[in-house]
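Chain by chain, the residues:
Protein chains: 2
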Amino acid sequence: MKCEVVAVGTELLLGQVIDTNSAWIGEQLALLGIDSHFQTKVGDNLDRIRSALTDALGRSDAVVVCGGLGPTQDDITRDALAAVMGVELRRSEEIVERIQGIFTSRNRAMPLSNLRQADVPEGAVVCPLIPGTAPGLACPVGEKVIYAVPGVPWEMKEMFTGWIADDLRRRAANSAVILSRTLRTWGESESALAEMLDGVIARLDRNPTATLAFLASGMEGLKVRLTAKAGSETEALTVLDAEEAAVREAIGDHLIFATDSETMESAVLELCRGRGFSLAVAESLTGGMIGSRLVAAPGASDVFRGSLVAYSGEVKRNLLGVPDGPVVSAAAVSAMAEGACDLFGADCSIAVSGVAGPSESEGVKPGTVWMATTVDAQTQARRFLFPFDRERTRQFTTISALNALRLRLLQIDKDPVPWH
Amino acid sequence: MKCEVVAVGTELLLGQVIDTNSAWIGEQLALLGIDSHFQTKVGDNLDRIRSALTDALGRSDAVVVCGGLGPTQDDITRDALAAVMGVELRRSEEIVERIQGIFTSRNRAMPLSNLRQADVPEGAVVCPLIPGTAPGLACPVGEKVIYAVPGVPWEMKEMFTGWIADDLRRRAANSAVILSRTLRTWGESESALAEMLDGVIARLDRNPTATLAFLASGMEGLKVRLTAKAGSETEALTVLDAEEAAVREAIGDHLIFATDSETMESAVLELCRGRGFSLAVAESLTGGMIGSRLVAAPGASDVFRGSLVAYSGEVKRNLLGVPDGPVVSAAAVSAMAEGACDLFGADCSIAVSGVAGPSESEGVKPGTVWMATTVDAQTQARRFLFPFDRERTRQFTTISALNALRLRLLQIDKDPVPWH
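Quick mapping for you: the protein sequence lines, in order, are chains A and B.
If you want our numbering, it's the 1-based position in the first sequence plus 1.
If you want our numbering, it's the 1-based position in the second sequence plus 1.
If you are wondering where the hints come from, they were derived from the structure by calculation, not from laboratory data.
Take the hints with a grain of salt, since some may be wrong.
Which copy is meant is left open, so a pair is good if it fits within one copy or across any two.
Cut-off 25 angstroms, straight-line C-alpha distance, at most; resulting in silico cross-link-like pairs (DMTMM-like, lysine to aspartate or glutamate) [said to hold, decoys possible]:
{"id": "1", "residue 1": "3", "residue 2": "56"}
{"id": "2", "residue 1": "224", "residue 2": "361"}
{"id": "3", "residue 1": "224", "residue 2": "98"}
{"id": "4", "residue 1": "158", "residue 2": "221"}
Turn these sequences into a full structure, and let the hints steer you where they fit.
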């Protein structure tokens, strides 16, 4: 079974928006065991969208087309689909009501243009999920199918995982099961991990029961992904369990902070929860990013008390009891960590103080970051030097600080150096 | 003149690497006044690369193919080019020496596999610039041309700007300049903006001096992009200035918070700076996202004092003087805003308190958010109801709260409703 992706939008061709949807869908298709040999970007032009869809359908069994389902004049994917199917567009009263309902629930009048989103090619099936106002469509063309989803990533993902994936699986009638497991690591570079894993990699090359890939994912960690293709889910899981054990053996448990979609912050919150600890944060250069990541996980409130974003030295001194002197220092960051525990009445804390750049501050080089953790009134501080731009320095500071607390809560006295 | 982009690499189709090269090249082509109607991703497969190149060349005058020029066995773009040109590959001694030289200069032995990079299709012109070890190629096919560049972004960019751009300009003999301008809005839906702009859109349809497109970009705002193609940069700028004025006239200045790459937070910081105001934040459901966005802009420190992430009701009461009673309320969020000014000694502040979901909290429906702004000791609070998931509720809360302060600093008493 083959499935292509067609991303619609002139802004994608002009490079004003980067098409990340095709890559995400390609990854999902791979996990479903479906080949995706071509992926195409095309602009908001009826003839060209039609020809892109026709070409894709000629080469493959299914096509996912993203974008061009909005309410405006340049959203013409519906028209292109009708043309490819050789049918007319019909307005669906049911969809009109659903869209109308969305606006009513917000006490807004529905602009008439939104009605265009209720136009459905005859014979197309409407996706039962409508996360936004754009309905998704499954358009049969002979034995083949074109799925149309919005270009808005979260709407597209909801429809793909909640609807298209099942339909594709059914069509593929793929007896092979492809499962993958992602081990999220922090503390070593890709090349260092590759060296630690060369034995595993060599063995998998000789006997490919599974594939192993590295995915550098910034604040989400450096991922080691294992993918197994087997006759049944049980077989695939057995292979993944064995290979996960081999990887953990080779690189050491402490580098692996989470599995699959679990994050560094959820791992830290879970460790705190297990020990009955409440958590506070004091942030400088991260500006609230650490707190923001912590509350991204539902249920953070039973552990996370709060964060003080002390962006000025004065605030650090007044609210956290930071002593006079340089604020990017072991003394300052330690005082911040202890001050955070006092201020929020927390059992443990994380503090960061540094220079995100681009220019140096008070004679301190950009990328210089001090981090401290306080656990049971014991404080440890360490200095990091990141060779990154402002944004990546703040992101690496966030995950590195969370990881420092994770290791302390695990009582692993190892300091990963997460940026070479 | 039309030029397509073909990105080669199975990792692109599998979503392990996101293809940013095509977008970058598309942007460069637009600035050269060259149309790019299709962009294709294809895996490391000889037949499929050949067919992608043939299709692209059939539709366009030129093609830029990225990737597959490396030294390994799966780097087969050279072979595909020879096949499309109908010629043989010949090893270029000159390139062998250049690659050899690169390794020697690094005191490293050249792996024999690198010799493959010296294989050139007969009749192809080698790019004089070799930033890495992969040589770029210009392959004439009749009157048309295929440029082959490495997939490594910095190598590709160096070759494109230093070599391909000039050759394309010469071939296009194109004096046209294409410039675009993005107006970032917040407060109305895409369909509502489209209705306000229908006069402008209709006029541009009749007389297309410029194109107008909407780009929904989440926390970056809903963008209205104007693109003008003209004989000279001056002409293009004149058109953009006139159309920007028309758009501002049609939708009202207050909806437009920034232009091009300027962000909501930089707009707010600039307004504070202009009034000599310092800024403080008190955050609940956003967990630090507002502060984190503010410090993303270099130089925020002259305005932004800090943020208190008060994630527990107790912290809100103890540190911000929130009265007893419900914390998602006008009274609580107003106290938070005033408490933030006191705590950080700031002239103005933003406060948010709400339920990000997924489940309700203390009987309050998910998506319910109270926001307050304090300016000159005057506090205003408003209630929002977002129909989103947890993460997007936090993001929309962040930009909406910043926008609320922006409007107050501009003394525009209008409350945008920024979420359909």
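Review point. Any of the earlier hints contradicted here, and which numbers?
Key: 2 and 3
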